[in-house]
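Engineer: Given chain A's structure and the hints, the job is docking chains B, C and D with the ligands onto it.
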Amino acid sequence: MAQMNMVQALNSAMDVMLGRDPSVVLMGEDIGYFGGVFRVTEGLQRKYGEHRVLDTPIAEGGIVATAIGMAVNGLRPVAEIQFADYIYPGFDQICSELARLRYRSAGDFYAPVTIRTPCGGGIRGGQTHSQSPEAIFTHVSGLKVVMPSNPRDAKGLLITAIECDDPVIFLEPKRLYNGPFDGDPHKPAVPWSTHPKGEVDEGHYTVPFGRADVVRAGAAVTVVTYGTMVYVAAAAAAALGIDAEIIDLRSLVPLDVDTICRSVRKTGRCVIAHEATRLSGFGAEILSVIQEECFWDLEAPIQRVTGWDTPYPHAFEWEYFPGQKRVALALETVMEPT
Amino acid sequence: MAQMNMVQALNSAMDVMLGRDPSVVLMGEDIGYFGGVFRVTEGLQRKYGEHRVLDTPIAEGGIVATAIGMAVNGLRPVAEIQFADYIYPGFDQICSELARLRYRSAGDFYAPVTIRTPCGGGIRGGQTHSQSPEAIFTHVSGLKVVMPSNPRDAKGLLITAIECDDPVIFLEPKRLYNGPFDGDPHKPAVPWSTHPKGEVDEGHYTVPFGRADVVRAGAAVTVVTYGTMVYVAAAAAAALGIDAEIIDLRSLVPLDVDTICRSVRKTGRCVIAHEATRLSGFGAEILSVIQEECFWDLEAPIQRVTGWDTPYPHAFEWEYFPGQKRVALALETVMEPT
Amino acid sequence: MNKRSRLHLPRAPARPGEAPDFGYVALSPAGAVARPDVNARARDVEDLAVNLVRVLDDAGAALGPWHPHLDAAELQVGLRHMLLTRLYDERMQRTQRAGKISFYIRSLGEEAVSVASCMALRPGDMLFPSYRNQGLHIARGMPLVDLMCQLLSNTRDMCKGRQLPVMYHSRAANIFSISGNLATQFPQAVGWAMAAAIKGEDHLAASWLGEGSSAEADFHHALLFASVYQAPAILNVVNNQWAISTFQGYAGGEQRSFAARGPGYGVPGVRVDGNDFLAVYAVTRWAAERARTGAGPTLIEHVTYRAAAHSTSDDPTRYRAKDDHLHWPLGDPIERLKRHLIRSGDWSEARHEALIAELEALVSASWKEAVSYGTMSEGPKLDPDLMFEDVFEKMPAHLIKQRDAMRRERG
Amino acid sequence: MNKRSRLHLPRAPARPGEAPDFGYVALSPAGAVARPDVNARARDVEDLAVNLVRVLDDAGAALGPWHPHLDAAELQVGLRHMLLTRLYDERMQRTQRAGKISFYIRSLGEEAVSVASCMALRPGDMLFPSYRNQGLHIARGMPLVDLMCQLLSNTRDMCKGRQLPVMYHSRAANIFSISGNLATQFPQAVGWAMAAAIKGEDHLAASWLGEGSSAEADFHHALLFASVYQAPAILNVVNNQWAISTFQGYAGGEQRSFAARGPGYGVPGVRVDGNDFLAVYAVTRWAAERARTGAGPTLIEHVTYRAAAHSTSDDPTRYRAKDDHLHWPLGDPIERLKRHLIRSGDWSEARHEALIAELEALVSASWKEAVSYGTMSEGPKLDPDLMFEDVFEKMPAHLIKQRDAMRRERG
Ligand SMILES: Cc1ncc(C[n+]2csc(CCOP(=O)(O)OP(=O)(O)O)c2C)c(N)n1
Ligand SMILES: Cc1ncc(C[n+]2csc(CCOP(=O)(O)OP(=O)(O)O)c2C)c(N)n1
Ligand SMILES: [Mg+2]
Ligand SMILES: [Mg+2]
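Chains as they are written, first to last, in our numbering: chain A, 1 to 338; chain B, 1 to 338; chain C, 1 to 411; chain D, 1 to 411.
These are calculated hints, taken from the structure and not from any lab test.
Note that this is a predicted model, so its numbers are computed, not measured.
Warning: the hint list may mix true and false statements.
[As the list claims (entries may be wrong)] Covered by chain C, according to a simulated footprint, are these stretches of chain B (three or more residues, beta-carbon under 8 Å):
| # | stretch |
| --- | --- |
| 1 | 30-40 |
| 2 | 53-59 |
| 3 | 82-94 |
| 4 | 120-127 |
| 5 | 180-192 |
| 6 | 322-335 |
By construction, the Cβ of each residue, glycine as well, lies at the ideal position given by its N, Cα and C atoms.
Next up, chain A with everything else stripped away, as it sits in the complex (with noise of 0.2 Å):
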């Protein structure tokens, strides 16, 4: 066991994978010498070589498209977006080959490929370097989409994609990895190593997708959530004082109907909470499934909170941003008596 912040358990999952698997590459924009603008592949071109640490020319389409080639010719290329505000450049190969080749080859040819990206708010990055734009993902059949929320789900799920044989959308809320972030910019800022989940592994292991995690147990109403909401919901719910019950989704598709709606039909009331816009945003997948399979169950409306639908604005970072104060109104509201 060792300390590491989120930047250093992702980086230690791509090492063990590396050097497990001598098909594991990895290839992105200032991911080799540099070591990433995030320092997430640091080292690791010196260690494991220039062939299995690329560096790529600034093009997204041509970076996913050639993941897939290489994908299809028996490696297992792990491709970093610079940021996910910039994977839409490669979106039509994401989401017309990577996602289906498997399906429309009927299985003959398929591209284990992993797509990491940093993403959220939170780092005054302006409308550009804060979107989350997993709901669009989640709608792709065929990808694998997956969040973590701190170091230890991190490594695991990362080293869970690069073994995995079908494609995962990996996003990493950026404002997570150095530590966990409760959604008061005004605090100072808290380490990784002053959590139990900055206790991370260093040799190789596995977080399975599909399986949410229920952070917090709580009886008075179920909290769904990944990423950096998880802080600032149980944050929340904390300075609140009502026994919520968080849960993590971690992996958006595959979706922990089954933790989810255990927990729903227990609490009886439920907040969902994402980064992301609100309109068609995966709130309302989780929403829907909720609705529909515990409607008996809700005593209460299910409560959305959202970033609100609109770019992300740099001045306004934390009138945009879904603080604990959107999460407490929307507590308070699905906890009225009925």
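Structural biologist: Showing chains B, C and D with the ligands alone in chain A's frame:
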């Protein structure tokens, strides 16, 4: 008034606008000399000249990008993407640029671009000629998203789109081009001339965005739908003899929440139907809004009827397509006494 | 406003009612273009992107430094593959017209592009085709029955009913799955080639796309990544002059050849007579040797003509001069190879007729067998459960649920 | 596996700890490159993509056919704009370091690229910049206060707080909004130029992107559409050798110049000494005349060096040789123009010092004014309601609802 099918109605909308407004230009693959693979732009290049109706290279990203530049320079481009399945190479320009230009420039620049594209299945087009990608665009703040279900609306909505200073994704359910389709491929095709909404005004008129059409009033259950599914749902309800209120959304963004909720408050039951895949489909957003607004009025869980979460398979078109049977099962479920 | 417009608009040489005009096609005489060393630097071979490599002259003589000097037996195999491709095409076109398959795309007039390229490569080389390369599948020896079962989406369809007709693939024959989205295969092929280089293997990847498709971003990505990593890839642009109704000028062919894109990236570009079996073979061989000796990628433009409609959904009389392919200055690839073989005494009209009869019988027998595995309307059917498989490696819970719902729905 | 790998990997000329090495930069002597007629065909000017157009020699003499023979007064204006750009940059860098703005990007060493280009164009020409073109804004006369207010996201920010610092725009000055997504502006500029041509107007569009960004699909789309429609556009690749930590070889610069991409599309490509004010001016003028006379688009590669860090978030000592810009063979654009002016008797060290003092005072006064409209921590603030405006022309119901919720949330 004239009899028009949807192709003719769309053609008429562009004809009217090319005639009224010299800043309107059309562009797209095969749309000029040839008049488009679905003949929607037939005759317009001959009538208005090669400089108003442009053939383009096969580069959807370039089409959208140049349309943006043209719009910034005072034109009103109407760009055709030959099939909605081929819109993804233009996704970055749509999502990062077209949708956000007005916002990021605080209104100093904006691009009144309409992107028309045929969508949906039922024509044995297989996985790359059948998709319904509307949900993805509804998640992108700054885009209006429209899908007509009949010639009369198609023309009025397209004129609204062209006159609108916001960018519009205009999805045309190609299965409806020649006639309404109730989901039964074995029945003989029905032409628009047999349908009242095949009567189309030859001149200029608009159908506003954000106003759903109650195509059938009813008291027992609300069916919220759009595009081809309007006819499938109506036929399913009729076959079951259920007094369904059928709502044709026409525009998804903006969404006519009032009409939907007024109806659900009245009926207490709701089925949502679309061709697109289920997971994070637009049905999830509609369901969420209804759950949030009408929770206490609901007498049964809202049901979603959708395409399956797979690519669109060529050979299993009618097992994939959400036909009358799938709608009927949902209607029966939602009508079960509680 | 129109009168003042200064926007340039490329013009098709002949529209319906006009006389065919191929004066715009820059030709070189057979044998006239020099053949550089396979290790020549890209910058030293730029003339290859301007001139037109040709071996066969109009009389069927093989001339000049690109003459590949193949055995007669090999040429006869090439002729056979091309003929089989054509006869298969003709029959499948009729079959579609008869309503027995939903869709078809012919390669009429472009048979040499696929067959000669394929024969110049090794079986371990990976092919990333477009939808107009059935010659590749035939030259790699895929049974016609397999191809026909795909067209029928029947119980032996290698795509399990999930793809439109003509979107074949074969893992065994190293032929990649065809996408409906144009051009996507081009940079994928480069990625495959990069992996071969990373693994230190000797294989190369070859891909094909239409000149219209070269406008897509993927074309640029393919050339760029191939150039940066000097990937062992052969990138083929099949310039058959048309993209559905759109003349090649709209893909940028008016200002420069498509081969000329290569040198801009430091990739040699070769313009070759795509209807000349020997020239296509020789140029592909040259590119393959470059790739295998570490000299990097090559872009090849095959100058040819789409003699038929775009697909069975298309009617070219709406947008181009009638029968214009009869005026195409590079002739017909099968006729040209046949003439060459007869001239050198290795073929005869009689053998040709006999071969046609043999291949027609093969096509008929294959079709008979194929329909026994199911047609659109009759015989065994694919299990609709297959719709839910292969979305993921293992079927996840939500798809199991949907599959079960589908079963209930079907009663 | 690695040992057998044959993947080629471009190599940076010098990494930390190594001696700077610019031997790879192909140079031409000042005055050596011929200036073709503005109506020359693309195919006849291909050498411009290989050679390097230079006017100023090391001693400050202006030589050869590209010498634009500008008035001293005009050159002095150019020097002033470049100096102001540099002083503004320096001050804003310090301001960011002091925590007063969140982010900044300098253009150190690349001032001529923007200033000389801009001065060679007309006010009605539309500019589509990247984030490293502040010289354009300054040369177009935008008040520094306006730029600073954008950096501060304050109450006078032309972006209303919605963009990262440096993403300026000006409708009045015909400078387009800057995107965070690289290269998107390139084909947009071509679209703008196409519209000018459609309308029969005389204006052209010019755009800039980094050599690293030229790898994006948008670069290809821009060249292709510009070529097909012969759009009046000037497409500038600013080859400052680096894209964050990535050397230009990874953008394809190892095999050919970036200018050489142009000829592949039938677009003239000109490689110009980007640190030579006179050369940049002359080449831009040539391209502008082509555009205005209907001869179509031009691709210009500005060979220059990113002397500073990528941005305030970057530390180049981690990936390149320390102080290597001091060894850059094309020198510093401001020093070079100054030397030329002094040599021709139109400038002096004293005037230079005085100008620096004047401009520093201007920067200081501007900053003082800018902060009076609000800073990140003090003074007037933008109304958060603005967050919901301009998503659409009119605020739709769902955003009104969300705005009201935001108001409630803020109490
Ligand atoms: C991304 C994308 N855009 C558009 C289409 C529609 N489409 C199918 S074939 C075709 C023409 C292709 O022409 P070309 O590349 O020259 O190939 P050819 O048919 O001549 O062999 C078009 C536009 C598509 N399949 N994919
Ligand atoms: C689509 C996209 N991908 C990646 C990035 C991240 N990024 C920002 S600047 C940059 C380097 C650009 O280098 P270059 O184009 O050479 O311009 P320079 O900074 O040298 O002026 C990168 C990779 C981005 N902004 N947009
Ligand atoms: Mg073609
Ligand atoms: Mg650069």
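Engineer: Each of the hints needs a verdict: does it hold here or not?
Structural biologist: Hint check results:
1. 30-40: Since 4 is at least three, the answer is holds.
2. 53-59: holds (count 6)
3. 82-94: holds (count 4)
4. 120-127: holds (count 4)
5. 180-192: Coverage by chain C is violated here, the residue count being 0 at a Cβ distance below 8 Å.
6. 322-335: With 3 residues in contact (Cβ-Cβ under 8 Å with chain C), the coverage given for the stretch 322-335 of chain B holds.
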